[in-house]
Every structure is written in C-alpha cells, then in structure tokens.
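Trainee: Residue numbers for the sequence shown follow the numbering used here, so the first one is 1 and each next one is one higher.
What you were told as hints is all true, and nothing was included just to trick you.
As a list, the in silico DSS-like pairs of lysine-lysine whose alpha-carbon atoms are at most 25 Å apart:
(1) 120 <-> 132
(2) 55 <-> 72
(3) 346 <-> 120
(4) 55 <-> 363
(5) 72 <-> 346
(6) 363 <-> 30
(7) 30 <-> 346
(8) 363 <-> 346
(9) 363 <-> 72
(10) 58 <-> 72
(11) 58 <-> 363
(12) 55 <-> 120
(13) 132 <-> 72
(14) 120 <-> 58
(15) 132 <-> 346
(16) 72 <-> 120
Worth flagging that the hints you see were computed from the coordinates, not collected in a lab.
These figures come from a predicted structure and were not determined experimentally.
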Amino acid sequence: MPPSISFMPVRRPRRGDNIPNSEWDAIYEKCFLKARKLRFSALSRVAAAHPSTHKEYKPLRNPPNSNSSYAKHSLLMARLELVDSLLHFVYGLWCKDYSVRTCYRASWRTVGEYLQLTRKKFVSEAHDDREKAFVGLLSMVDAYIHGRKLRYQAVAIDRENAVKYNRLVIQWKADSRAAAAAQPSPPPPPPPQPNPTPNMLPSPASSSGSSNSTPLGGHGVLNNNNGADLDLQPGVINALNGQDRPPPLSIQIPVNTQFILDRRSQCSGLIAASHQAQTAQQTLNIPVMARHYPRTFARMMYSSLSPQDEHEPDFQDDDGELFWPTQAITGEGLGWVCLMGMAMVKEFGREYGYQGVDGVVPKLNGEDIHGYPEPQFIASIR
1 MPPSISFMPV RRPRRGDNIP NSEWDAIYEK CFLKARKLRF SALSRVAAAH PSTHKEYKPL
61 RNPPNSNSSY AKHSLLMARL ELVDSLLHFV YGLWCKDYSV RTCYRASWRT VGEYLQLTRK
121 KFVSEAHDDR EKAFVGLLSM VDAYIHGRKL RYQAVAIDRE NAVKYNRLVI QWKADSRAAA
181 AAQPSPPPPP PPQPNPTPNM LPSPASSSGS SNSTPLGGHG VLNNNNGADL DLQPGVINAL
241 NGQDRPPPLS IQIPVNTQFI LDRRSQCSGL IAASHQAQTA QQTLNIPVMA RHYPRTFARM
301 MYSSLSPQDE HEPDFQDDDG ELFWPTQAIT GEGLGWVCLM GMAMVKEFGR EYGYQGVDGV
361 VPKLNGEDIH GYPEPQFIAS IR
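Required output: the full structure, derived from the provided sequences and hints.
Mentor: If you want it as structure tokens, here you go:
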C-alpha cells in the first residue's frame with residue numbers, strides 16, 4: 001500500500017454482465033424509493049429553516065435534538081440529501097437504460113429541472129472547495145446525460161441521413177437522365193473518305209524510340225477528355241478521391257418538422273454537453289478528488305475494474321472498487337458518475353454525522369412539498 005494512502009478498496013467477486021432485467025428493475029425501484037425519501041426530507045428541512053413569517057415556512061413535526069448535527073447544520077444536511085436524492089434518481093434511470101442497452105430519452109428529459117435547482121442551491125450556498133466539488137459533480141451528471149442521449153440518438157440520425165442522401169442521389173440521376181433525353185441528337189458523322197495513298201509503315205528507328213507510337217492513322221491515341229467525361233457521369237466513382245461525388249446543391253428533397261427538430265436537438269445537446277463538461281472540470285477533477293475526497297479517490301485509482309465494468313459495483317457498497325468515469329462522448333460512464341457521487345456524499349457527510357436515508361424526515365401518507373419535480377421513467381427513445 002502506498003504510504004500516502006490510508007485506504008484501499010475491497011475487491012468484490014465479479015457479478016458478470018449477464019444480470020437479469022428483473023434485478024435491474026429491483027435496483028431501479030430501490031433507488032427511486034430512497035430518492036423520494038431523501039427529496040422530501042431535504043425540502044422539509046429547507047421549509048423549516050425559513051423565518052416563521054415566511055409564506056413557505058413549515059416546521060418539522062419532530063425536529064432533531066438541538067445538539068445534533070442535523071439541527072446545527074440543517075441546510076447543509078438538506079443540500080446533501082438533495083444531491084443524494086438526485087444521484088439515486090439518475091442511477092435508477094440508468095439501470096433501466098442499461099438493462100436493455102438503450103437510451104430512454106424521454107426519461108432523461110424529466111431530470112433537467114431537478115438537476116438545475118439542486119445545482120443552483122449548491123452554487124449559492126457552497127462555502128469551500130470541498131463543497132464546490134458538488135457543483136462540478138452536478139455539471140458532470142448533466143454532461144453525461146447529454147452525452148448518453150447524443151450517442152444513442154446519433155445512430156438513428158445517421159440512418160435517417162443515409163436514407164435522405166440516397167434519395168438525393170436517386171433524384172440527381174433521374175434529373176440527369178431527363179436532361180440528357182431532352183437534348184437534340186447529334187448529326188450523324190460523315191462517311192469515311194477513300195485514302196488514295198496507303199499509310200507508310202513506321203521506320204524501325206521510330207518504332208523502337210517510342211512505345212506510344214500509334215500506327216495506322218493514330219486510332220489508338222488516348223482522348224484526354226475521357227477522364228472529365230467520366231467524372232461528370234452520375235454514379236461514376238471519382239478516380240481522384242475514390243468516393244462518389246455528392247449531388248449538386250441544386251438537388252433538393254422535402255423533409256418534415258421532426259427531421260429538423262431531431263437535428264436541432266442534437267446540436268443543442270452537443271453544445272450543452274460541452275459547456276457542462278467544461279464547467280464540471282473547474283471544480284471537480286483528479287487533484288480536487290485526491291485532496292478533498294481521498295477515500296473516494298483511492299476507490300477509483302486503486303481499482304482492478306475497467307471502463308466496461310460499469311455494471312459490477314453495488315451502489316450501496318461503501319468499500320468496493322470504483323472507476324473514474326469514462327469519456328462522456330462514448331455515451332457510457334453515467335453509472336460511474338453516480339457511484340462516484342454517492343461515495344463523495346458519504347465521505348463528506350461522515351464528518352457531520354450524515355446518515356443518508358436512515359436520517360431523513362419521515363413522510364406521512366399523501367404528504368408532499370412542491371418544488372423539485374421528481375424525475376420519471378418513460379419508456380420512449382424519442
């Protein structure tokens with residue numbers, strides 16, 4: 001063990017990537033159950049922290065002991081419960097995606113408002129670099145959601161683009177044939193004139209001096225315009241670059257509104273993913289993790305897991321191996337981000353006695369607090 005590292009992760013037995021869908025569904029249900037409890041508790045603490053004259057003030061039915069950390073650091077505990085809740089919501093949705101190897105884009109659209117409100121709260125209330133790392137974490141979650149949606153959407157868009165391009169080529173060929181048919185036929189060539197003087201055979205010297213000699217009237221001379229003629233013919237491969245020439249810009253085909261909306265969504269998603277990734281790395285990076293979250297750092301750096309083992313860790317395991325999230329553009333890694341975030345919450349909260357779901361404000365049947373709308377699972381890839 002390196003002298004500067006006081007903790008090494010436990011290597012759990014590998015589960016393998018053949019986990020049945022029923023198990024992923026059970027993890028999803030467990031994550032959402034915890035997420036709802038944490039959300040309600042966080043919002044209850046925020047409401048109770050308002051002045052009694054505030055319109056949103058709502059006292060806790062059973063307030064914590066005045067000497068407890070939950071009483072002394074109520075708003076900090078609320079922030080930890082908020083980010084903990086969000087990570088469980090997101091991880092639950094990721095499980096639904098991963099179990100069938102797809103991306104339910106409609107589900108991910110329901111996360112945005114909750115994520116933005118949570119990030120806004122941390123931006124305004126974080127006091128030091130350790131807390132600001134959660135701002136980077138939330139931006140990281142945002143970037144990886146966009147990256148996942150982009151990667152899986154790109155497959156469908158690429159297929160649609162190929163169909164549209166083929167239609168352009170077909171239209172181009174049809175227009176070219178119609179234009180050629182509309183042109184007048186050229187006049188027939190004149191009949192050959194008799195040649196009273198026979199052609200002289202080349203001398204031996206001229207035959208041996210040039211391999212390009214063309215006896216008998218030069219009928220073997222290469223026409224220098226043949227290459228250009230071939231290049232202008234539709235469907236003929238351009239000999240210069242080995243690729244089909246694209247149809248000219250004058251060739252057009254109709255597209256519907258959904259076609260435009262999908263590509264607009266793709267562009268805006270790419271811009272958002274890039275922005276959130278750049279924002280995340282300002283407050284959450286390897287040096288910050290090593291400095292402020294050494295236990296979580298060790299679980300990632302001294303790990304035998306690979307990028308493809310995203311399915312291996314148990315989200316409730318506080319001692320097992322993790323992995324620094326892979327590149328967002330791959331469409332994967334969101335599970336790693338959630339697992340890393342959960343570990344950060346536990347490591348940060350340990351100093352303040354944070355108990356996670358075991359320390360939440362209990363919720364009565366039918367009771368709720370408005371704000372921070374819950375993410376929802378929607379089985380739609382559109």
